[in-house]
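Going down the list, the sequences are from chains A and B.
Every letter in the first sequence is one number past the one before it in the working numbering, and letter 53, counting from 1, is 35.
Every letter in the second sequence is one number past the one before it in the working numbering, and letter 39, counting from 1, is 21.
Hints in this document: simulated from the structure, not taken from any laboratory.
The hints are all genuine.
Identical copies go unnamed one by one, so any copy, or any two together, can satisfy a pair.
Under the rule of at most 20 Å between Cα atoms (straight-line distance), these lysine to aspartate or glutamate pairs were calculated in the DMTMM-like manner:
1) K56 with E215
2) K187 with E170
3) K77 with D(-1)
4) K56 with D217
5) K211 with E54
6) K77 with D217
7) K77 with E224
8) K56 with E212
9) K77 with E104
10) K211 with E224
11) K56 with D27
Below, each chain spelled out in residue letters.
Protein chains: 2
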Amino acid sequence: MDAISPSGINPLIRKLDSVSILSDEERGAVSGLPMHIRDLKADQDIVRERDRPSQCCVMLDGFACSYKVTAEGKRQILAFHIAGDVPDLQSLHLKVLDNSLATISPCRVGFIQHEHLLHLCERYPRITGALWRGTLVDAAVFREWMTSIGRRPAYSRIAHLFCEMVVRMRAAGLVRECPCQIAFTQNEIGDALGLTTVHVNRTLKQLREEGLVTFNRGVLTIHEWEGLKEAGEFDPTYLHLETNRAAA
Amino acid sequence: MDAISPSGINPLIRKLDSVSILSDEERGAVSGLPMHIRDLKADQDIVRERDRPSQCCVMLDGFACSYKVTAEGKRQILAFHIAGDVPDLQSLHLKVLDNSLATISPCRVGFIQHEHLLHLCERYPRITGALWRGTLVDAAVFREWMTSIGRRPAYSRIAHLFCEMVVRMRAAGLVRECPCQIAFTQNEIGDALGLTTVHVNRTLKQLREEGLVTFNRGVLTIHEWEGLKEAGEFDPTYLHLETNRAAA
DNA sequence: CGTTTGGTTGAAATGTGTCAAACTTTGTGG
DNA sequence: CCACAAAGTTTGACACATTTCAACCAAACG
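I would like the entire structure built from these sequences, with the hints used as guidance.
Structural data, given as C-alpha cells:
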C-alpha cells in the first residue's frame, strides 16, 4: 500500500504539531482516525457551496483552493491549501458550506467523518484547542488577504502572495531550496488577488525586470528575498508560526 | 449600578444563544464570568496590532472595528463589531494580535481575563464549541468580504455591506424598524470596502437616486430591500444564522 | 505533430483615485 | 443662544491603475 503522503508522515499530525504541542497519546489518536483516502485530478471540485458535508477533507498532497463565484461569474479564490490543511474544517460546526473547494493540481486527500472528529475532540480537549487554533490562523490569513486586496496595488499583492506561500510551504516541510514548485497559474493568482490575468502577467514582468522574482508555469524563483518582502510589505506575524508553540 | 447593557440582558449570552443551544447552567457560568466593564469614547483604540493581551474584549454597546494599516498608511477595516461580539477572541489562542481594534462610536465593553475563559472552556465543552463556532462565522464573513472587495464593483459592495449590517443587527436585536442607526461615516465605509471616501459618496448618491437606500450621518433608510439585496448580490447564508441552532 | 493550455503583448475603455474646494450639520465655549 | 470650529458630506476636473478585447506566441502533452 502507498504511503499516506509523499513524505511518508501524516501531514495532519505535522500541521497540528506546528500549531500546538501534542502528547504521544494525542498524536496516536489523530493517526488512528479512520480516513478514506482518494487521489484526485487537477481542477476538480471537492465540495461545493451549499453542500452539507458529513466529513472533512484533509490535504495530504497537492494544491487546492477555496473559492466563491459572484453573480457575474467572477471567481474569488479565498485560500490556497497545502498538505496538512483541513480546508473545510468549518463544516464540523457550520452545517452549510459557504464556499466551494477545488483541486488546482493533482491531489491526494483524506476524508474523515465528522462523528470521528467530534469524538476525538470530546476525548481530547487539547486537540480541540489545536484545531480551533488552526481555524484562527486561517482567519488571520483572511484578514491579511483582505488588506492586500483592499489596500495594496497589484505589485505588492503579488509579491505578498509569493512570500506567504513560500513561508507556509517551508513551515510545512514542502520546500527546501529556492526554485520551488507552486502549482498555480497566472489566472489563479489573479483570482486570488482580485486582478485580471492580463494584469498579473504585466505585473509579473515588472517584478521580474526588477530582479525580485521569476514565476513561470509553476516554478517560483526568488532572486531577492528582502526586496520581495519589502515590495509586498510582508511581515509573517499573521501566520502565527513559532509564537504559539509556547501557548498554554 | 448601571445595567450591563442598554437592553439589560447580557449581549454575550444572547450571542452564544444565537449560535448554539446552551443549558441554564452553561448560561449561568457565562454570566458569572468576572468582567471588567468600561465606557469608551468614539475613535479610540482598544488593543493594537502586536499587543499580547491577557484578556478578551466583549462588546456590550456601540460600534467598533478591527483594522490594519498598510505601510503606505492606508487603513483596511476588517470587520465591524456590535453588541455580543468578542472582537479579539483569537487572542485566547494566538499570543500576538495581528490587527488593531478601535471604537467607532462611544462603546461599553467588558474585559474578561483569558484564564477565566479558559477555565470556562475546560469545564463546559459546549461553550468551547459555541465560541469556536462564533470564530468560524467570523471567518465566513471575512470570506464574503474578500469576495466583495476582490470581485464586486463599488456599487455592489456598498449595497452588500448595508444588507449585512442590517441582518446582523436585527439578529442581535439592535434594530426593529427601518430608518436605523449605523454609527459609521462614509470614510469608514470606504476603509471597509477598499474604496475612497469620495467614491463612496458618489456611489451612495447613485444608490439614493435609484431609490434603493439613503445613508446620511449614520442614519440608514432602506427603501427597497429586494432591490438592495439584488444590487449587493446579498445571500445571508454565510452569516450562518438559523441553520446552526439545530447543530449537535 | 497538432492541439491544448498557459503566457505575452498592444490599444483603447473605464472604474476608481487624487486633489482641491465648498457646503452642511453638529457640537461647543463664550 | 450665537459664533465659530470641527467633522462629515458633496462636487468638479483630472490622473491613473486596472480591465477589456483581441491577437499571437510558447511550452506541454498525448
